[in-house]
Every structure is written in structure tokens, then in C-alpha cells.
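Sequential numbering of the sequence shown, starting at 1, is according to the numbering used here.
If you're looking for bench data, these hints aren't it; they were derived computationally from the structure.
Errors might be hidden in some of the hints.
Said to hold, decoys possible - Within a straight-line C-alpha distance of at most 30 Å, the following computed DSBU-like cross-link-like pairs (lysine-lysine) qualify: (1) Lys217 - Lys115; (2) Lys217 - Lys152; (3) Lys152 - Lys82; (4) Lys82 - Lys174; (5) Lys115 - Lys152; (6) Lys32 - Lys174; (7) Lys217 - Lys82; (8) Lys217 - Lys32; (9) Lys217 - Lys174; (10) Lys152 - Lys198; (11) Lys82 - Lys72; (12) Lys72 - Lys32; (13) Lys174 - Lys115; (14) Lys217 - Lys198; (15) Lys198 - Lys115; (16) Lys198 - Lys82.
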Amino acid sequence: MAKPLLKFDSHLTLRERIVETVRDAIIRGNLKPGERVAESEVARSLGISRTPIREAFRQLESEGFLTVVPRKGAVVSSFSEKDIEEFYDLKALLEGEAARLAQPRMGAREIGRLKELNETMRAAAVRGDARAVFRAHNDFHLTFVDLCGNDKLRDLIHQLMSQFARFRYLLSVKGEIADSLRQHEEIIAAFEAGDALKVSGLVRENARTGAQNIRDKILRAPAADAPETPERRAATASTP
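Could you build the full structure based on these sequences and the hints that come with them?
See the structure below:
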């Protein structure tokens with residue numbers, strides 16, 4: 001019997017189930033970049049109506065997993081090394097500044113929250129819960145972003161993180177978070193020391209490490225289950 005393309009998680013709301021199901025299929029390579037994802041096929045595969053599927057597809061498009069193409073519908077988004085570099089360059093710049101501005105507002109409760117979230121990430125990684133890793137990682141960064149005091153900067157970062165959730169989710173699924181955990185500890189220590197400039201520098205370094213991990217361990221990874229990208233196809237084609 002053929003292995004099903006989509007596997008439904010019954011512990012979520014209907015929209016969340018669809019989002020997680022399609023996202024997982026994209027991350028694991030069952031749905032390839034450029035491949036059409038038809039609402040009717042998903043509805044038939046999961047035995048549900050198309051209305052919640054449209055809602056889920058809108059979320060997946062906002063996260064960078066799907067692209068809606070005129071007269072073709074939703075297709076799996078492709079991404080390049082340039083996309084990764086540009087996203088993480090912006091992330092480093094904006095989050096570094098947000099961390100600098102947030103430092104005077106980071107009290108014992110907020111620092112305690114950072115420590116708690118880092119341990120949540122660690123525990124989730126051990127049990128292989130990529131969803132929990134992703135959520136805790138997001139919340140770690142948003143803890144200081146939301147305290148930066150600059151509403152426009154905060155909103156820009158929220159928008160950026162939403163649009164490029166795919167990159168960060170890839171790291172969660174692949175378990176590439178050891179560097180993040182270590183760097184988060186250094187960020188926490190700098191917040192505790194009241195060193196705004198060091199905090200800013202460490203947050204920027206954390207973003208650059210994320211970009212490097214995506215490039216080296218995922219985008220260029222030779223593993224069979226790594227997501228297919230134009231770069232991977234080109235590398236495979238050029239191999240003797």
C-alpha cells in the first residue's frame with residue numbers, strides 16, 4: 001500500500017490540523033517546491049470541506065510555505081540562498097536594535113521568562129517536538145522585541161517573522177538548535193548584566209548563526225529527506 005501523502009493530526013483545531021499537515025508535508029519533502037497543492041485534493045484526502053482549507057492556505061502563504069499563482073492556485077514556495085541571506089540580514093539588524101532598546105525594560109520577571117523558554121526549547125528538542133521548539137523559540141525573541149518601546153520596529157519584526165516562518169521551522173524540524181540554546185544563554189547573561197550593546201551584538205550573531213545553519217545543514221545538506229530546492233537540484237545534476 002502506498003504511503004499517504006498527508007497525515008492528519010487529530011489533537012488540533014481543524015484549521016491548525018490542515019496547516020500542520022501541509023506544512024509537515026512540505027518540510028519533509030513530500031510536497032516539492034513548485035508543486036501544486038489543490039484545495040480539492042486536500043479536501044478529498046482529509047475528508048473535509050474546502051472552507052477551512054482556504055483559511056489554512058492563507059496562513060501558510062503568510063508564513064512563506066505556499067504561493068498563490070493566478071490560474072494555477074496554491075503551489076509550494078521555492079526559496080534561494082539569497083532569500084535566506086536577505087531575511088537573516090534584516091532579522092539581525094531589526095532584532096539587534098530591538099534588543100538594545102529593550103534592555104532597560106528587562107526586569108527579573110522578563111529574564112526569568114527567557115530562561116524558562118530556553119529550557120522549554122531544550123526539553124522539546126529532546127522529545128522531538130518541533131512544533132513546541134518553534135513556538136518557544138519564537139516566544140523567546142518576542143519577549144524582548146515586544147518590550148523595545150518602538151511600535152513600528154516591533155510591528156516590522158512581527159511581520160518579518162511571520163513571512164519567513166518557514167526558515168525557522170526548518171531548523172526546528174531538523175533539530176538544529178544547539179547553537180541557538182547556547183547563544184540564548186549568552187543573551188540572557190548580557191541582559192542580566194545590563195549590557196545593551198553586548199545584547200544587541202549577541203542577538204545579531206544569533207541571527208547570522210541561523211542563516212549559516214540553514215545554508216550548511218539544510219539548503220546544502222545531502223540528506224535524502226532534506227527539502228528540495230533549486231540549489232539542491234543543481235548540485236545533484238552536476239554530480240558525476
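Going through the hints against the structure:
1. Lys217 - Lys115: holds (26 Å)
2. Lys217 - Lys152: violated (33 Å)
3. Lys152 - Lys82: The hint holds at about 26 Å.
4. Lys82 - Lys174: holds (21 Å)
5. Lys115 - Lys152: holds (27 Å)
6. Lys32 - Lys174: OK: Lys32 and Lys174 at ~17 Å, within 30 Å.
7. Lys217 - Lys82: holds (16 Å)
8. Lys217 - Lys32: It holds: about 18 Å lies between the C-alpha atoms, which stays within 30 Å.
9. Lys217 - Lys174: holds (9 Å)
10. Lys152 - Lys198: holds (23 Å)
11. Lys82 - Lys72: holds (25 Å)
12. Lys72 - Lys32: With Cα atoms ~16 Å apart, Lys72 and Lys32 stay inside 30 Å; holds.
13. Lys174 - Lys115: holds (23 Å)
14. Lys217 - Lys198: holds (27 Å)
15. Lys198 - Lys115: holds (18 Å)
16. Lys198 - Lys82: Between Lys198 and Lys82 the Cα gap is close to 28 Å, so the pair holds against 30 Å.
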